[in-house]
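Chemist: Each residue of the sequence shown is one higher than the one before, starting from 1 at the first, in full-length UniProt numbering.
Worth flagging that the hints you see were computed from the coordinates, not collected in a lab.
Predicted, not measured: the structure shown is a model, and the values here were computed from it.
Mixed in with the good hints, there may be bad ones.
When the alpha-carbon atoms are kept at most 27 Å apart in a straight line, the in silico DSSO-like pairs for lysine-lysine are as follows [to be verified]:
(1) Lys50 to Lys131
(2) Lys127 to Lys145
(3) Lys50 to Lys30
(4) Lys44 to Lys127
(5) Lys44 to Lys131
(6) Lys50 to Lys74
(7) Lys127 to Lys50
(8) Lys176 to Lys151
(9) Lys30 to Lys74
(10) Lys72 to Lys124
(11) Lys176 to Lys131
(12) Lys63 to Lys128
(13) Lys72 to Lys151
(14) Lys145 to Lys176
(15) Lys127 to Lys63
(16) Lys72 to Lys128
(17) Lys131 to Lys180
(18) Lys124 to Lys44
(19) Lys128 to Lys151
(20) Lys174 to Lys93
(21) Lys63 to Lys174
(22) Lys165 to Lys72
(23) Lys44 to Lys74
Derived DEER-like restraints, expressed as beta-carbon distance ranges [what the hints assert, rightly or not]:
(24) His32 to Asn147: 15 to 23 Å
(25) Asn123 to Lys98: 26 to 34 Å
(26) Asp51 to Ser133: 21 to 29 Å
(27) Ser149 to Ile178: 20 to 28 Å
Cβ coordinates follow ideal geometry from the N, Cα and C atoms, glycine included.
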Amino acid sequence: MKQKHNLSDADLIEKYQKGDVNALNFLVKKWHLRFCNLAFWIVKDADLAKDIAQDSWTIIILKLKTLQEPNKFKSWAISIVNRKSIDLIRAQKREQNKLIKHFNEDKIEDSFTENELSLTIQNKLLKKIEKLSVDHQMVIRLFYKENYSLKEISEILDISIGTAKSRLFHAREKLKTILKHQNYER
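Sequences are here, hints too, so could you generate the full structure?
Modeler: Right, dumping it as structure tokens:
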């Protein structure tokens with residue numbers, strides 16, 4: 001008999017669907033940190049990332065008993081965390097826009113410290129990537145950092161493969177433009 005930690009996600013889900021609560025515990029242990037990391041990458045706040053992961057688990061657990069294709073758990077669950085994170089970012093932006101409008105601020109100025117001038121090339125690139133839309137950031141991260149294929153990205157984000165390709169292409173082009181613009185400013 002296999003140990004539970006050696007079982008696939010699909011096996012754990014099937015055991016849980018048959019009433020084995022311990023299988024759910026192993027699934028949570030396996031995925032919780034990844035969910036927190038994904039949410040943190042999007043929202044840039046550890047506490048909010050933990051809350052998002054927890055909220056995502058609430059949804060996942062409620063729907064897990066009826067999950068028809070347990071072998072697609074990974075992309076299904078990641079898409080839930082992704083949507084929750086993006087929803088939070090959008091809500092924060094709406095709130096920020098309300099505040100800006102309320103106080104009639106034309107522009108929020110960023111303050112730069114001496115430390116930012118000495119960032120590594122990788123950190124500078126990450127900063128430039130953050131200027132992209134959330135959709136473009138997500139595709140860049142999933143493709144380059146997480147090494148997902150375009151097909152897997154399309155499943156995770158619940159978009160067509162063509163849309164995933166298009167977003168990746170446009171994200172690269174926008175990033176090139178941002179980097180070229182930076183070089184002209186020097």
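Chemist: Would the hint linking Lys44 and Lys131 be met if the CA-CA limit is 27 Å?
Modeler: It holds: about 14 Å lies between the C-alpha atoms, which stays within 27 Å.
Chemist: Asn123 and Lys98, beta-carbon distance inside 26 to 34 Å?
Modeler: For Asn123 and Lys98 the Cβ distance comes to about 31 Å; the hint holds.
Chemist: Do the alpha carbons of Lys50 and Lys131 lie within 27 Å of each other, as the hint requires?
Modeler: Holds - the C-alpha atoms of Lys131 and Lys50 are around 24 Å apart, at most 27 Å.
Chemist: Measure nothing beyond the straight line between the CA atoms of Lys124 and Lys44; if it is 27 Å or shorter, mark the hint as holding.
Modeler: holds (16 Å)
Chemist: Check whether the Cα positions of Lys44 and Lys74 lie no farther apart than 27 Å.
Modeler: Between Lys44 and Lys74 the Cα gap is close to 22 Å, so the pair holds against 27 Å.
Chemist: Given a hint of 15 to 23 Å, does the C-beta separation of His32 and Asn147 actually sit inside it?
Modeler: holds (21 Å)
Chemist: Does the alpha-carbon distance linking Lys63 and Lys128 stay inside the 27 Å limit?
Modeler: Measuring from Cα to Cα gives roughly 37 Å; hence the hint is violated.
Chemist: Given the proposed pairing of Lys127 with Lys63, does the C-alpha separation stay at or below 27 Å?
Modeler: violated (37 Å)
Chemist: Is the hinted pair Lys176 and Lys131 satisfied, with a Cα-Cα distance of at most 27 Å?
Modeler: holds (12 Å)
Chemist: Between Lys63 and Lys174, is the straight-line Cα distance small enough, at 27 Å or below?
Modeler: Outside the cut-off at roughly 38 Å; violated.
Chemist: Holds or violated: Lys72 with Lys151, Cα cutoff 27 Å?
Modeler: holds (13 Å)
Chemist: Sort out whether Lys74 lies within 27 Å of Lys50, counting only the CA atoms.
Modeler: With Cα atoms ~18 Å apart, Lys50 and Lys74 stay inside 27 Å; holds.
In summary, the numbered hints that this structure violates are 10, 12, 15, 16, 21.
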